[in-house]
Amino acid sequence: MNRRSRLHVPRVPARPGEAPDFSYVDLSPAGAVARPDVNARARDISFLAVELVRVLDDNGEALGPWHPHLDVHELQLGLRHMLLTRVFDDRMQRTQRQGRISFYMRSLGEEAVSVAQAMALRPGDMLFPSYRNQGVNIVRGRPLVDLMCQLLSNTRDMCKGRQLPVMYHWVAGNIFSISGNLATQFPQAVGWAMAAAIKGEDHIAASWIGEGSSAEADFHHALLFASVYQAPVILNVVNNQWAISTFQGFAGGEQRSFAARGPGYGIAGIRVDGNDFLAVYAVTQWAAERARTGAGPTLIELVTYRASAHSTSDDPARYRPKDDFDRWPLGDPIARLKQHLIRLGEWSEQRHLALSAELEELVAANWKEAVTYGMLNEGPRLNPDLMFDDVFKELPPHLQRQREQMRAEIAKKD
Amino acid sequence: MNRRSRLHVPRVPARPGEAPDFSYVDLSPAGAVARPDVNARARDISFLAVELVRVLDDNGEALGPWHPHLDVHELQLGLRHMLLTRVFDDRMQRTQRQGRISFYMRSLGEEAVSVAQAMALRPGDMLFPSYRNQGVNIVRGRPLVDLMCQLLSNTRDMCKGRQLPVMYHWVAGNIFSISGNLATQFPQAVGWAMAAAIKGEDHIAASWIGEGSSAEADFHHALLFASVYQAPVILNVVNNQWAISTFQGFAGGEQRSFAARGPGYGIAGIRVDGNDFLAVYAVTQWAAERARTGAGPTLIELVTYRASAHSTSDDPARYRPKDDFDRWPLGDPIARLKQHLIRLGEWSEQRHLALSAELEELVAANWKEAVTYGMLNEGPRLNPDLMFDDVFKELPPHLQRQREQMRAEIAKKD
Amino acid sequence: MPQMNMIQALNSAMDIMLTRDPSVVLMGEDIGYFGGVFRTTEGLQRKHGEHRVLDTPIAEGGIIAAAIGMGVNGLRPVAEIQFADYIYPGFDQIVSELARLRFRTAGDFFAPVTIRTPCGGGIRGGQTHSQSPEGIFTHVCGVKVAMPSNPYDAKGMLIASIEDDDPVLFFEPKRLYNGPFDGDPNKPAVPWSTHPKGEVPDGYYTVPLGKADIVRPGNDLTIVTYGTMTFVAAAAAAAMGLDAEVIDLRSMVPLDVDTICTSVKKTGRCVVAHEATRFSGFGAELVALIQEECFWNLEAPIQRVAGWDTPYPHAFEWEYFPGQARVTTALKAVMESA
Amino acid sequence: MPQMNMIQALNSAMDIMLTRDPSVVLMGEDIGYFGGVFRTTEGLQRKHGEHRVLDTPIAEGGIIAAAIGMGVNGLRPVAEIQFADYIYPGFDQIVSELARLRFRTAGDFFAPVTIRTPCGGGIRGGQTHSQSPEGIFTHVCGVKVAMPSNPYDAKGMLIASIEDDDPVLFFEPKRLYNGPFDGDPNKPAVPWSTHPKGEVPDGYYTVPLGKADIVRPGNDLTIVTYGTMTFVAAAAAAAMGLDAEVIDLRSMVPLDVDTICTSVKKTGRCVVAHEATRFSGFGAELVALIQEECFWNLEAPIQRVAGWDTPYPHAFEWEYFPGQARVTTALKAVMESA
Ligand SMILES: Cc1ncc(C[n+]2csc(CCOP(=O)(O)OP(=O)(O)O)c2C)c(N)n1
Ligand SMILES: Cc1ncc(C[n+]2csc(CCOP(=O)(O)OP(=O)(O)O)c2C)c(N)n1
Ligand SMILES: [Mg+2]
Ligand SMILES: [Mg+2]
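Chains as they are written, first to last, in the working numbering: chain A, 1 to 414; chain B, 1001 to 1414; chain C, 2001 to 2338; chain D, 3001 to 3338.
Keep in mind the hints are simulated off the structure, nothing from the lab.
Just so we're clear, the structure is a prediction, and the values are computed from it rather than from any experiment.
Note that the Cβ used here is the ideal one computed from N, Cα and C, for glycine as well.
Treat the hints with care, as some may be off.
Said to hold, decoys possible - Here are some, though not all, of the chain B residues that point toward chain A, as calculated from beta-carbon distances under 10 Å:
hint: 1; residue: Val1009
hint: 2; residue: Glu1254
hint: 3; residue: Gly1264
I would like the entire structure built from these sequences, with the hints used as guidance.
Here you go:
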């Protein structure tokens, strides 16, 4: 026997200086994939994990059985939410560059994921987002100033200065807390859904994880518990191709789609064009109905592209071609929905420009307000005493003592 | 919408007092499943994860493309190894009942798994067994007295008294150490295989995990790393239907076969009749060739039945019908290979009885020797000083001090 | 008053809480139909149903994670880890999530999860069924850590833990399940029915976390301990004829510093004892704290009694276990010193 | 002699070991092509190949497990955990496997794995990029635990760790990557090129694990510390005009008890300082040990300086960090006492 095994190293299609190459992405034509009944058994619909559900074609026409037939106002609202997300991201990125906030993470190029999915769910459904799902806050009507105050760790920060920027949460909006530890929210969402089922409530849970983070043990825990208890949950893998510098092949995407993990556990798995607002909406609606009617959990892989840097601490020029997003075969989610609306005669370049301007102003006005509540190193500040609260429900004696000590230290410095 | 999701609880087919019901086990007829080329891509052979590879039919005839055509001596050797495993288990179980050893775990009913698989591998291949794979030691020619000395924690215990009974290891035999912590060996085996591939060696690794233990995170780690690096490894799930009192449905077996997890990760997954010596051998040989020639890892689900209690601390009458193994549709691996050999005219009831008697004597003789090296509470004992060795390679000062203290304590007691 | 062993007392606590509070659910490996490998949850699934007492996959990380999600959704999960030695696969969810959720959300989200787990040696469990990892968790801010030493406390503390809105790690010294244990494995086993703390009310009551118990008042020296060592240390002191004050901490976080320091200030001498390994064990925190608070009262260095800094070896269980001989050495050192 | 910052020194150590020993492999998230988020492995994949410097999936548990298997098969893996805060998913493989393998197999199997991970705060990382979990691992018998405080030690200790047949947890105080830090974030950053320990030989050398460094001899009191606090504590003592003996432990397991005790016996006063949270932190073990060994020499209770027992909050980084003010309070207490 001459052939010997050699350690296989996943292939990255192109590195800086090379031409972007997306031939590895398996595409299906818009409208081509069948839409099974929501009660179909997971094992009978495994084709969904291989194909790519798409509704919008290259001309902006909506095709096929997954066409959700949303009314125009919904579409316009979706466009607005996505654009607001992008405008917000851009502005916050700039404030970070100006040193106003310590850190930021944009969702450029993947706005359809959070926006279409949150729109397809009900307000009572509980969301367990990752750090790149700011769009869900926007859909649920979170005042931007609240998000900004978190970014600023200022006196109105809902986290009371305890979390890194972007680690929002919102009790009233049913949006769970984002953790700095990857993937941990995924099985928690399943537990939340199990509780809903135990209590006989019809709220469902949804969670998001990056394709890179799907390598963590908690991804497995989530799928397993969802399968065993048939929990009413939607588990979303946002496959934006990159995890910081690491290509999706290193998370197992080279051998098989991430959606395919679902059928492996007896869970419906479905691969969708993540930059196609209509397809994402339709697939999420289908999965939600499955969950809500007791037909079980769904794993959705949203195929998209992380168009920006990983975070403000990252420089993607070190590890991938500069013009990659321009060549990304699934395009830009905002441009595609805009094209569709224009094609329907329900949108125009002028309206788009006007909306952009309006949203820029909205963001600016919110920022103006937010900074009045303080910035990390300027203006009003949270009381450092707060550091000792909420470690436990009641402040225990040893933390009382440490708080005293801290006060003395601060008094000495002043 | 009226249907609401309710928490699903996996169904156990029968509880004590009820009639055993194995209708849930999907069977394929012997000889019916195709045997793909060893270089087939995982994604093209997912049928193997659904069907059940069987060679021996109910009459003991070997059928179909997976028939490994072993020569008679191999078959007789396999029978001998399985029978020795069973005789050894029975005897050790009795010594535990007599209070000679503190704990024991039998592999009754699943002897074909370890024996056929170890026989299908090469001596240089590294095995990462679970606690119910004693058969691999027998195949590799481990003197029984060595195993017994471990069970007795006596002066010749290869673990120097540190491990619970059955947690063997054997450097010379390329058998890794068994851990009391479930599933941990599975990704370690993948790491070992990665190292073989890095070094360009053609040894492969194989590991075993119970279907219950496949719920652990390390199962996922193993599949993921095996997939990403295409490690030359065989990952075996021994689905003996029970994990202590917990039915396999609670590990996710209700929705999908355990073999199906493989294709989810882009790994070949194959479901085999674990009580069919020939089928297990053939499938393992196929997987080994895949691994050795660089075609990647394989996940094998061995469908079998834990005929005995989980361990000497367990009483299965509390949670399952008493006569369940008699109704198990895949029968007894020893009886089936015996029947096949008799059918071939290469075995007989008399030879079987004679072999049994010979093996009983062999075990008895080994036991007689083993106890001369000491028992847990009788006869020669290991020096307690040994407790401090091998925590680190060199004994650090604080352990030297503690050893002195222990010596003083012992001196005081004497 | 009814007699219960520790298993029955824990079972009673869970039964009462399942009955009183519809949000309480139990979950764990083999705990449902089977009633647990130590039979602690026996009969509870039959009585309260499959949706209140859940058998789970063998995935400690998944169990804790699911419990957190359930806690966030208004339930009050009591998760069993079959042996404390197997808590580590759930470590990240405990440390990074359960312990941090209230803090990072400024109190907006929290998960009132109780994690029960049998710990400690003395049952021939070898290195993977004998560990006492409580010390590790005392270094993790945001979780409470408790360990009862008898049936009465076990029931009252478990009820208090389940009712607590903070997460609690509840360690059960399995060697004490069936009776108190003075460290001598050769003596006949003593059942709880012979011990006053084996008298356990049938109904609801709580023993608060954070309050130590002076199990024996005394003047010669203070022994600070918890779990199995409570009995071993007391027996060793009695055998030496010492008038020791024995403090059973019951909970390590929160810690009853007042009771400890009042005692040490009175006696001037102190031994700290636990079964866990010595180096960086919880005993270190106790010694550090006591010397900080009571330095001027100390007439001798505080001595530690603990398991050796090795894994718990199957063959040398009693050479490993910190029995009376080890306690005696420490008591002598602390009494003779100065 | 060449000047290196700590990142360059670590890079040099790995480069040398990859060159000298074909069994050395590096693995971790983003460490290969990209060279690591802190650039510690920059250029090493290009130089030594994709089979020696492996990018891995984001699965800390899988990384450690695979490293163990590779170690058993004759390699000498150096695994990076991107931040110490993310080591917990690998906890079970570290505690139950890596630390126990040699023991449970009576020395027949072992895995010489080094786990490198950046720790500590001071870079605005918030609660999940600032932790110092070293204390937890010091309670786990079977692993060595080290933390260098400067480029020279970092390189020599990393080489020693890689060559060590025992597993080593190698914590890198990330605030010190680019220069020493005296605790005042408002002062201009100081580069390593201004510091004698920034002089790092190009070639192979080792700094043994288990040997503390007296970074400043003195007679008034002993400061026992490691990592970032080495500089903070020394600066605070200097600012107070104290003739402090400052001991940089460099490794916690094994611990250089002799150097510590010799010093405390000489000075009679001691402050223990680390950045990790106080309760049950490694400082507790140090205090316990010192009072056991040096009780009769102590003229004042040993004081601990540490992070508060809360997570590391983003907005209050400098109120949290144990800076010179906190050290000063402890120094005063220990000097004024008696
Ligand atoms: C447990 C853990 N390990 C490592 C990290 C460091 N880290 C933060 S983001 C990231 C990449 C995640 O990539 P992916 O899941 O694909 O999400 P994306 O950034 O593409 O949205 C890594 C490795 C972490 N935060 N938590
Ligand atoms: C991490 C961990 N969790 C729990 C246990 C306790 N335990 C020992 S064996 C077992 C059942 C395993 O069942 P399975 O994997 O199906 O193997 P089988 O006994 O059927 O061979 C359990 C829960 C353990 N040893 N380790
Ligand atoms: Mg990604
Ligand atoms: Mg099983």
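Hint check:
no.: 1; hint: Val1009; verdict: holds, 7 Å
no.: 2; hint: Glu1254; verdict: holds, 7 Å
no.: 3; hint: Gly1264; verdict: holds, 2 Å
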